[in-house]
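Trainee: Construct the entire structure; sequences and hints are all you get.
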Amino acid sequence: MKLFNTLFLLLLTGCNQPMCHTCHDHGTALVSDVLEEAHIIDWHVHVAGLGFGDSGNFVNDEMRNNFRFKFFLSWMDVTEKELEENGDQILVKKLNDKIAQSKYIDQAIVLAMDGVIDEKTRALDRNKTQIYVSNEYVASQAAKYPHLLYGASINPNRENSVALLEEVHRQGAVLIKWIPNIMYIDPSDEKFIPFYKRMAELKIPLLTHTGMEKSFANAKDEYADPRLLELPLKCGVTVIAAHIATTGESDGQDNFERILPMFDEFPNLYTDISSLTQLNRLGYLAKALQHPGLTERMIYGTDWPLQSFPLVSPWYHVNHIGIKNVWRVSRFKNKWDRDIKLKEAFGVPHAVFIRKLGILNLSPE
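Just so we're aligned, residue 352 is where the sequence shown starts under the working numbering, counting upward by one.
Hints listed in this document are in silico derivations from the structure and should not be mistaken for laboratory results.
Check the hints yourself; a few may be wrong.
Said to hold, decoys possible - Once the Cα atoms are required to be at most 25 Å apart in a straight line, the calculated SDA-like pairs of lysine to any residue come out as:
{"id": "1", "residue 1": "Lys571", "residue 2": "Lys585"}
{"id": "2", "residue 1": "Lys684", "residue 2": "Gly698"}
{"id": "3", "residue 1": "Lys565", "residue 2": "Glu431"}
{"id": "4", "residue 1": "Lys554", "residue 2": "Ala494"}
{"id": "5", "residue 1": "Lys548", "residue 2": "Asn511"}
{"id": "6", "residue 1": "Lys495", "residue 2": "Lys565"}
{"id": "7", "residue 1": "Lys444", "residue 2": "Phe543"}
Remember, predicted model here, so these are calculated numbers, not experimental data.
Mentor: Here you go:
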């Protein structure tokens, strides 16, 4: 039965890594309740919805019929019946309440999610779009809750993408979020240069998925190559490469190894540490922490709701953090607190948890 469960999880997450990794230490002792006094933001938090409560959100039939869908609802602590009875807004309220209960997290950037844009009509293709969460919805919901910040999403294939960028900036968006693999965005397309230049002028960072995408029914992983981000970086955009490209390959090279030289080439390239404790990314966080200078470009994020069991457990990392830290981390019931303490046990510097890049117009570090 244990073997079956392991194989199922590997299928769910698209794991391409071995289950065990050699490690030369047992992590960092959990010392800090200095983090309790810090202002910590989770840069990478997802919401979703089915259109209830006039939210404008949707999940297409392909994704709703996919086995992953029920897991996502469960991890978000919501049911379809709850959404229908209370509106999609109940999910955001629950999210805010969970963050309010956290000992360490103060705020989270809640991410909108644009969809696939039809090449001919330049309008949203609802059939190919697996998940859609509108900017208007996220902006209005984030404004209601003290623990939430607004992360917008704009597919630059939209005809009015620059105007939309200016609009979300006026609405208070702190970043733009992409998953190129499911939004069908080639970041290296030169027709996006005006969009990138305006992003740079407005000082809005781009948080974009890098690496293979296995959380959805299908994906165009040719857009996962971190090297495709050279164009926005050259245009002056601050790019946050989510997950350090820790899945898949491009041109026969591991995406993680492919992105590492880019941090030396581009001072405006950052990464978040979301999902790096997941079952399908075992060993990568320890490896990333050993890479010279990389922690100075790291930002804290979870990829909520994917920091949930069975995708994430401190027991998967006993060879990196030691049995004592496993027990200490396991005692934390709040998912954000457990995530922070797990990553702290790996040796993630405290500066990573509080880093804000000086671009969010928030309180200084």
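Trainee: Next step is simple, just say for each hint if it's right about the structure.
Mentor: Consistency of the hints with the structure:
| no. | hint | verdict |
| --- | --- | --- |
| 1 | Lys571 <-> Lys585 | holds (24 Å) |
| 2 | Lys684 <-> Gly698 | holds (21 Å) |
| 3 | Lys565 <-> Glu431 | holds (23 Å) |
| 4 | Lys554 <-> Ala494 | holds (21 Å) |
| 5 | Lys548 <-> Asn511 | holds (15 Å) |
| 6 | Lys495 <-> Lys565 | violated (32 Å) |
| 7 | Lys444 <-> Phe543 | violated (35 Å) |
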